[in-house]
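Quick note, the sequences are listed as chains A and B, same order. So that you can map any letter, position 222 of the first sequence is 222 in this note's numbering, and since no number is skipped, the others follow by simple counting. So that you can map any letter, position 285 of the second sequence is 285 in this note's numbering, and since no number is skipped, the others follow by simple counting.
Derived from the structure by calculation, the hints contain no laboratory data. Keep in mind that a hint or two might mislead.
Sample of chain A residues facing chain B (criterion: CB under 10 Å; computed from the structure) [to be verified]: (1) LEU6; (2) ALA7; (3) GLU8; (4) LEU62; (5) ALA95; (6) LEU201; (7) ALA204.
Label-pair ranges, simulated between beta-carbon atoms [stated by the list, open to error]: (8) B/VAL636 <-> A/ILE77: 41 to 49 Å; (9) B/LEU456 <-> A/GLN122: 22 to 30 Å; (10) A/ALA79 <-> B/LEU456: 24 to 32 Å; (11) B/GLU437 <-> A/ARG47: 35 to 43 Å; (12) B/GLY353 <-> A/LEU81: 41 to 49 Å.
Where chain B lies over chain A, by a calculated footprint (3+ residues, C-beta under 8 Å) [unchecked claim]: (13) 77-91; (14) 101-108.
Since the model is a prediction, treat every value here as computed from it, not as a measurement. C-beta: ideal position from N, C-alpha, C; glycine also.
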Amino acid sequence: MNPDRLAELEEERRFLLASIRDIEREHEVGDVETDDFHTLRDGYVARAAAVMREIDDGRSALPPKPARSPWRTVAMIGATLAVAVGLGVFVAQSAGQRLPGQSLTGGEQADEVAVKLVEARQALGVDNAASLAAYARVLELEPENAEARTYTAWLLVQNGVQVQSQEQIVQGIELLRDATTVDPTYADPHCFIAIASANFLDPADPATVVEEGQACLDRNPPAAMGPSIETMIADAEAQL
Amino acid sequence: MLGGVVLAEGTNGFLGHTALIVGFAACLFGAFALVSATVLHNPRLLRTVQTYGWIVLGGAVLAVVVMEKALITRDWSLAYVQKVGSYDTPALFNFTALWSALEGSILLWLLLLAVYTAIILRRYRHRLHDPMVAWALVTMFVVTAFFFFLALGPTDAFRAAGAPDFNRCCKGPNPLLQNHVLVLFHPPILYLGYVGFTVPFAFAIAALVTGRVGEGWLVETRRWALFAWGFLTLGIILGGWWSYEVLGWGGVWGWDPVENASLLPWLTGTAYIHSVMVQERRGMLRVWNLSLLVATFSLTILGTFLTRSGVINSVHAFSDGTVGPYLLGAFGVVVAVSLGLIAWRGDRLRSPGAIDSPLSREGAFLANNVIFTLFAFVILLGTVFPLIVEAKDDRRIAVGSPFFDTMSRPIGLVLLFLMAVAPALPRRKASGELLRERLFWPSWCGAGTLVVAVLLGATGFSPLLAFGLAGFAAGSALRQLVLATRRQGYRGLLGRTNGGMIVHLGIILIAVALAASNSYSRAGEFTVTKGETVEFGGHTFTLVDLTEFESATSIGVKALISIDGGQAYAPAISKFTATGQDVATPSVRTGLRYDIYLTLENGSKPSTGEAKFKVFIKPMIVWLWVGGMLCGVGTVLAAFPGRHRRRPTDAVSAPIELETEEPVDA
Numbered sequence: 001m002n003p004d005r006l007a008e009l010e011e012e013r014r015f016l017l018a019s020i021r022d023i024e025r026e027h028e029v030g031d032v033e034t035d036d037f038h039t040l041r042d043g044y045v046a047r048a049a050a051v052m053r054e055i056d057d058g059r060s061a062l063p064p065k066p067a068r069s070p071w072r073t074v075a076m077i078g079a080t081l082a083v084a085v086g087l088g089v090f091v092a093q094s095a096g097q098r099l100p101g102q103s104l105t106g107g108e109q110a111d112e113v114a115v116k117l118v119e120a121r122q123a124l125g126v127d128n129a130a131s132l133a134a135y136a137r138v139l140e141l142e143p144e145n146a147e148a149r150t151y152t153a154w155l156l157v158q159n160g161v162q163v164q165s166q167e168q169i170v171q172g173i174e175l176l177r178d179a180t181t182v183d184p185t186y187a188d189p190h191c192f193i194a195i196a197s198a199n200f201l202d203p204a205d206p207a208t209v210v211e212e213g214q215a216c217l218d219r220n221p222p223a224a225m226g227p228s229i230e231t232m233i234a235d236a237e238a239q240l
Numbered sequence: 001m002l003g004g005v006v007l008a009e010g011t012n013g014f015l016g017h018t019a020l021i022v023g024f025a026a027c028l029f030g031a032f033a034l035v036s037a038t039v040l041h042n043p044r045l046l047r048t049v050q051t052y053g054w055i056v057l058g059g060a061v062l063a064v065v066v067m068e069k070a071l072i073t074r075d076w077s078l079a080y081v082q083k084v085g086s087y088d089t090p091a092l093f094n095f096t097a098l099w100s101a102l103e104g105s106i107l108l109w110l111l112l113l114a115v116y117t118a119i120i121l122r123r124y125r126h127r128l129h130d131p132m133v134a135w136a137l138v139t140m141f142v143v144t145a146f147f148f149f150l151a152l153g154p155t156d157a158f159r160a161a162g163a164p165d166f167n168r169c170c171k172g173p174n175p176l177l178q179n180h181v182l183v184l185f186h187p188p189i190l191y192l193g194y195v196g197f198t199v200p201f202a203f204a205i206a207a208l209v210t211g212r213v214g215e216g217w218l219v220e221t222r223r224w225a226l227f228a229w230g231f232l233t234l235g236i237i238l239g240g241w242w243s244y245e246v247l248g249w250g251g252v253w254g255w256d257p258v259e260n261a262s263l264l265p266w267l268t269g270t271a272y273i274h275s276v277m278v279q280e281r282r283g284m285l286r287v288w289n290l291s292l293l294v295a296t297f298s299l300t301i302l303g304t305f306l307t308r309s310g311v312i313n314s315v316h317a318f319s320d321g322t323v324g325p326y327l328l329g330a331f332g333v334v335v336a337v338s339l340g341l342i343a344w345r346g347d348r349l350r351s352p353g354a355i356d357s358p359l360s361r362e363g364a365f366l367a368n369n370v371i372f373t374l375f376a377f378v379i380l381l382g383t384v385f386p387l388i389v390e391a392k393d394d395r396r397i398a399v400g401s402p403f404f405d406t407m408s409r410p411i412g413l414v415l416l417f418l419m420a421v422a423p424a425l426p427r428r429k430a431s432g433e434l435l436r437e438r439l440f441w442p443s444w445c446g447a448g449t450l451v452v453a454v455l456l457g458a459t460g461f462s463p464l465l466a467f468g469l470a471g472f473a474a475g476s477a478l479r480q481l482v483l484a485t486r487r488q489g490y491r492g493l494l495g496r497t498n499g500g501m502i503v504h505l506g507i508i509l510i511a512v513a514l515a516a517s518n519s520y521s522r523a524g525e526f527t528v529t530k531g532e533t534v535e536f537g538g539h540t541f542t543l544v545d546l547t548e549f550e551s552a553t554s555i556g557v558k559a560l561i562s563i564d565g566g567q568a569y570a571p572a573i574s575k576f577t578a579t580g581q582d583v584a585t586p587s588v589r590t591g592l593r594y595d596i597y598l599t600l601e602n603g604s605k606p607s608t609g610e611a612k613f614k615v616f617i618k619p620m621i622v623w624l625w626v627g628g629m630l631c632g633v634g635t636v637l638a639a640f641p642g643r644h645r646r647r648p649t650d651a652v653s654a655p656i657e658l659e660t661e662e663p664v665d666a
């Protein structure tokens, strides 16, 4: 039997049973004559019985639960799991680090250089050893990367300051000078040479501070750096 | 007292909130009246339902009108107007600012849902006593109530704000949403698709509640599902067009989470409108069809969650957002209730028969369904995988386009093959002889297309296979249309099968355009000075002029680039002064064979007359839009009944003079 027909019969059964209850209630309070009550009730009961028989027949005519081989079920579950696991492994292998501003999905996967540069920037000032390691990896992949060369040199200068080694500071400044040749438009190595020459070299080198500080300002340095470089240049010029 | 509230909230805030509260209450009363009338057989309550329906519609319309008025009159007393409004935004984009952020989008969703509910109520006004209709309307009222609740609470667009600080607020919508007229059409049409699937879902729930899980409810909802699918298709195509015309990266589809969220219900919806035909004819796949509808509806909710909860930026943003938990909760409730009802009605959902042969129309539809479902699973997995990893390991990862491209290529090819074979297959089973005869011309079409593609210089296994299969599928669709129009004249273009074949032709064009543009696009970047000419892809590009321009909202640079010494095209790049965001405006020479797509890059300096620009040569892009239009036309034609139709729920053996749904040759 079509399920729609079965549902219609069930609805009719609900209606007939409710009608029997109603007529019994009305009879109890005296709203229906006893003869009429019996006539009406018998009619409803007969109809309800016929509908219920039809429902029983209909239910037994519903398609039986198909006999499925357990092996078939196991095979289907296994195949589904295999596909899901395979896809999961593939998506995991295809995924890469999400860089700031990058969308959750789509676009090209960030290359290792970009990922390591982000790692290095994030670690800078927090965990300088990790930052240095990330920049070292960038330089392995891209030896002429201006940012990696600049910041590796700058971290060397900072380490020299920490351990009070003028030798390391001078070595770092030399590496910063090399970095300026990699990308002549990059401001940061010029700024760092100026800062190191003003604050960490003993004695300070005001001529270099003025020259490199000006080179830094000419190359549009990060906004936070500009004012302090200007102050350093002014101080150095006063010393000259 | 009332005056005090109005003064405290502002007129628009007060009116908006009132409209939403009235609409919300009407939804609850409407649902309650229907349940009471159906369960307690109280016909008096039924008479009130229509009134509640109109109140719901009135509430939603009023809320949207009030918000539009607030945006147009720049009522800064509302936080939403401060968020997306601006004195400088042009009128069109000020109007579309309604759906440019979360709160307004929910209002638009609500309006469309209320319209659908009112139409259903009107359409079935004489059948409200029918439990199936009543429960379907209860479901619609409940879903509408949920969106009223969102609009009143977590995404309150009428929230009052303090005095505006014009240095920080009131900068207008996202610049990308004020750069092209498609912003007027793409979101509402996409939403018509999303929201439209509520109707078949509501009838599916009603069928499960009433136990009438036969084929009757399918007939009631066939056109609703078709139109929802059509709108969703059109919305997705328009989204691709918008991306192409506005974003300046030269592509139409980037697999970003918002795009994926729209594709997911499209995939399950497409599977549904195919497999539903098997149920109508043979009574099979009942559980499957219900599951597909539930999946489609719940994926629209999940998609809204993914795109609107802040989870895309980070799972941690999700906990900061207010709407995310509600949407995720709604998704869970929809899935749990639906699966519970399916399990409850399990005994009635058993199929009376089985698929006789894999080489049959039913077998092909089942295969098509498996592939579409697999496709949906792949996209879903790729989209939520980064969220799962971030939630579990606190690692921020991304799944790039290569994953989606790699997976979608073979799936697309299999679907093209099925699209070629399925229309030629008869129901129940096919003989080898019959298949040979029916697939003869389509096969030649496929082979011919392949030869033409090679002669035109196409290379590469994957695109050539795509072209060959596309020709095969197009041949199959055209064969069906030719046979139908020979028999019935123009009426041979009507009806689900014939309209469906036109949709197939549209999809085939889209597939070919995507295969060609993904495989053979070329790009070059140039820096030239005024008057200088460069050559690329067999064309010359001369920088004629480079000027600065200024509008109320932006400043920018525009280049005039002459292609092959002829017409000059004007790519530009603008900086929106309020947000500082750069937005490229590409300029495209559209052609039947390929588009030449020009974008101006940052670093162009009118002072020195030096321009940096990119050229993309994109093959066959125009056929993507033509394919989209064909899909729309096919959907409309599919909604018209063909001639001599048999009731879809009649037995296959029922007599019929002539049938439009089947090829009758052989």
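Quick rundown of the hints versus the structure:
Checking A/LEU6 against chain B: minimum C-beta separation of about 7 Å stays under 10 Å; hint holds. Hint on A/ALA7 holds. Least Cβ distance to chain B is approximately 4 Å, under the 10 Å limit. For the restraint placing A/GLU8 at the interface with chain B, the shortest Cβ-Cβ distance is roughly 7 Å, inside the 10 Å limit, so the hint holds. With its C-beta approaching chain B no nearer than about 6 Å, A/LEU62 sits inside the 10 Å limit, and its interface hint holds.
Using the Cβ-Cβ criterion of 10 Å, the hint placing A/ALA95 at the interface with chain B is satisfied: the shortest such distance is roughly 5 Å. For A/LEU201, the interface hint is violated, since its Cβ never comes within 10 Å of a Cβ in chain B; the closest pair sits about 37 Å apart. Checking A/ALA204 against chain B: minimum C-beta separation of about 38 Å lies over 10 Å; hint violated. Distance hint check: the CB atoms of B/VAL636 and A/ILE77 are about 42 Å apart, consistent with the given range 41 to 49 Å.
Checked against the given bound of 22 to 30 Å, the beta carbons of B/LEU456 and A/GLN122, roughly 50 Å apart, lie outside it. Taken as a hint, the range 24 to 32 Å is violated for the pair A/ALA79 and B/LEU456, whose Cβ atoms sit roughly 41 Å apart. Look at B/GLU437 against A/ARG47: about 56 Å separates their beta carbons, and that is not inside 35 to 43 Å. The supplied range of 41 to 49 Å is broken by B/GLY353 and A/LEU81, whose beta-carbon atoms lie about 29 Å from each other.
Remark: the stretch 77-91 of chain A is confirmed as covered by chain B, as 6 of its residues place a Cβ nearer than 8 Å to a Cβ of that chain, reaching the required three. Here's how the stretch 101-108 of chain A fares: 7 of its residues keep a CB closer than 8 Å to some CB of chain B, so the rule of at least three is met and the hint holds.
When each numbered hint is compared with the structure, violations occur for hints 6, 7, 9, 10, 11 and 12.
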